[in-house]
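Asker: Residues per chain are reported as follows:
2 protein chains.
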Amino acid sequence: MADKLSAEILQPVRGSRDFFGEEKNRRDYVVELLKEKFKSFGFEPLETPSMERLEVLSSKFAGGEEILKETFKVTNQGGRELGLRYDLTVPLCRYIASNTRIPMPFKRFAIGPVWRDGPLKTGRFREFVQCDVDTVGAASFLADAELLALASEIMEKLFGKNFIIKINNRKILDGILEFSGVDEGIRKKAILELDKLAKIGPNGVKQGLETIGIDSAKIKVVMDLANADATESKTFSKLEKNLTRGVGLEGILEIRQVLGFAGEMNCKNLEFDPSLARGLNYYTSTIFEVYLKDSEIKSSLAAGGRYDDLIGKFAGVPEKIPAVGISFGLDVICECLRDKKTGLWAKRKSAIVFLAIKDDQKVLKYALEIAAKLRGSGKINCLFDLNGRSVSKNLEFASKKGIEFAIIVGIREFEEMKVTIKELATGKESTLAIEDALRKFE
Amino acid sequence: MADKLSAEILQPVRGSRDFFGEEKNRRDYVVELLKEKFKSFGFEPLETPSMERLEVLSSKFAGGEEILKETFKVTNQGGRELGLRYDLTVPLCRYIASNTRIPMPFKRFAIGPVWRDGPLKTGRFREFVQCDVDTVGAASFLADAELLALASEIMEKLFGKNFIIKINNRKILDGILEFSGVDEGIRKKAILELDKLAKIGPNGVKQGLETIGIDSAKIKVVMDLANADATESKTFSKLEKNLTRGVGLEGILEIRQVLGFAGEMNCKNLEFDPSLARGLNYYTSTIFEVYLKDSEIKSSLAAGGRYDDLIGKFAGVPEKIPAVGISFGLDVICECLRDKKTGLWAKRKSAIVFLAIKDDQKVLKYALEIAAKLRGSGKINCLFDLNGRSVSKNLEFASKKGIEFAIIVGIREFEEMKVTIKELATGKESTLAIEDALRKFE
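Heads up: the sequence lines are chains F and P, in that order. Take the position in the first sequence, starting the count at 1, then add 1351; the result is the number in the working numbering. Take the position in the second sequence, starting the count at 1, then add 1351; the result is the number in the working numbering.
Bound conformation, chain F alone:
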């Protein structure tokens, strides 16, 4: 064993991070806000263990081959085969499958780390937090609308009006491709191409569709129906005229219901986008993604949809267990919040209390009382000089730490039963009673 570890070894493991101070407070603020809103909508918290049996993680209806390759395997003394969870959906499925008498609908949220041993790119980590909200056991589109209203409330609280929620229905996409005569065998590929619209524009999508073997006449119909060329906001009108039966019509009727309910629930900035595809794996109906409107950050802040097949299959029951969920991205939300232009987060103020005179027991006692009052107020984070430093050293320390106020206590303050507050940004000082000082921190 080495006596001293090298600087490289002391860094966080690749793909993981240390969060300290203001950065961590910002993350906690977002998590607390999410929890508060999730709960107000009647979702209840579920915490499951970090590790799951490999048998569960590799179950036929879990994440699939690709993600299993990226699963961190854990070895232990008992020789059990375990892995770190790669999402919060598999633990949800396990929980429901093992609690067969759970009252339905089951509305739960889960916020916690997941681990994926994948390639590292910007914004991709091997340990990251997922914030999932799911309603299980409700076929009604009221459940989809609730999630949209929830997302709207959260986004408004964090970013004002500067957000957009894009919505579509997987059945509409299927209907468009069916109507356009695209072969069933390449429809999934075609959906993947359409999904790129926002990134590569209509011409890029057309090229993509050509590459997978769709002829230009069909491409024209697809682009037209998906309203993919339009710069104005997308409407149903063309779709309604053409998707008059089968899966396409189903999709239109479903999304109409969701939009209606969501509006009544006061969901804002909801926009239909028939080109939205949102992956392929398990969504069966409604799909949605949440973005900032005016921001350099183009990734979605939250996304989700309805998946009526997955949980029943996982639980091995013959009947369907309908479900709809949304997942919020903690990292991207915090990234957006860090931008002062868009983020509405304000950290709690902080102060350091210290003595202008040392070796006087009465002054020390008085200063400790002041600190206790500040701490008890619940309005401010209060440090106390622990190292008996000089006034100037204390001010230097406070500036380094980004502390806003210095509270100086000396003989004069003690005798007058007052404190001297120095606002560090301006250097402005004033001597006042502690009760008046406390009012400064509201």
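No false leads were mixed into what you were given.
Identical chains share a label here; the pair holds if one copy fits it or two copies do between them.
Derived lysine-lysine pairs resembling DSSO-like cross-links, with alpha carbons at most 27 Å apart:
| # | residue 1 | residue 2 |
| --- | --- | --- |
| 1 | Lys1547 | Lys1472 |
| 2 | Lys1472 | Lys1644 |
| 3 | Lys1569 | Lys1589 |
| 4 | Lys1539 | Lys1592 |
| 5 | Lys1388 | Lys1375 |
| 6 | Lys1700 | Lys1386 |
| 7 | Lys1386 | Lys1791 |
| 8 | Lys1508 | Lys1716 |
| 9 | Lys1388 | Lys1700 |
| 10 | Lys1716 | Lys1619 |
| 11 | Lys1751 | Lys1671 |
| 12 | Lys1388 | Lys1724 |
| 13 | Lys1709 | Lys1724 |
Hint data in this document are derived by calculation from the structure and do not stem from the laboratory.
With chain F fixed as given, assemble chain P onto it according to the hints.
Answerer: Quick look at chain P alone, frame taken from chain F:
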């Protein structure tokens, strides 16, 4: 891959747990309270990754052989040697060692899971949460006193006056054994025996001391000085008369300072206990443990002490880096809170809104507005009937879920712009305006 997983496999991995609903809310309440108080005392949050390099976890100054055996090893695609952290102290040491320009004192808290692959007993888990608060870089006993005042505030908030903080100093224990003439070679063993006092009583301790080879004359002196036979509260008087030099005197002077500062910081229920030993590994001075006074639960709820050697050695620097810390046990605190006699936790109320009449768009719209108002109030967790169930089915569901209020909306309520509230525990119903209903949830 099996199509259906067995009931056994669907249970949480041995030694880990699922937490749902009220139980999880109680845990979150404690964590939020701890955070709030930690911050008010000027501690800042640090979150480090779940995994650390095995080289870090097995460093000479980390947890030692025993704990390394209980470390979950992680394998991955890159062939790096990783392990799940077994405590939050090693990550703290790593963070300080890798951030050499950090302003001191460094006051941080960390709340997160740790993993130990140890034997399973009651109250012992393989994944559990630690809540650590440490002040690094302050030799002053103000720092020790701050942690005691912090513990006192937290305990009072959770359990009223029903707690006790036991305090001692490792140097006093050393001084007692030195004064009694106990050979240096068996002093650590003797401390372990003394540590059992609360559990096995004075006679048990005497037997234990005999077993490790201390003669009865010396045992008498030890028991007398440690005040171990006394049933009244322990005092310094005998110790002060006898420990008049060396390490024992140092201990007495140190604890006098801590007690003085803690009193001035309004720390309550602090009691000197010269038999308190608190393990052996790295404490160098002050040690303390927090208990409920009147409870069936005999384990400590929090504990800690000063460890001035560890961090400097870990960081491989020649100078000492003084540190003092306290760790709160989330599981045992929640266990105590669950007991309604001692715990002061009250969960937020919840309500379910549903329709007494179906298929009326106007009534539905009105009910959705009611739900939005309840949710927006921040005072209540509000569910909405998603499955179009009858009144009686809704009431049955609500009772199963422990929901307190049913809010029934029908034609009459819509026309009068009111709601009917039914208190489920009493069955009492009243029809009133939503604003008046909201006041019920304050």
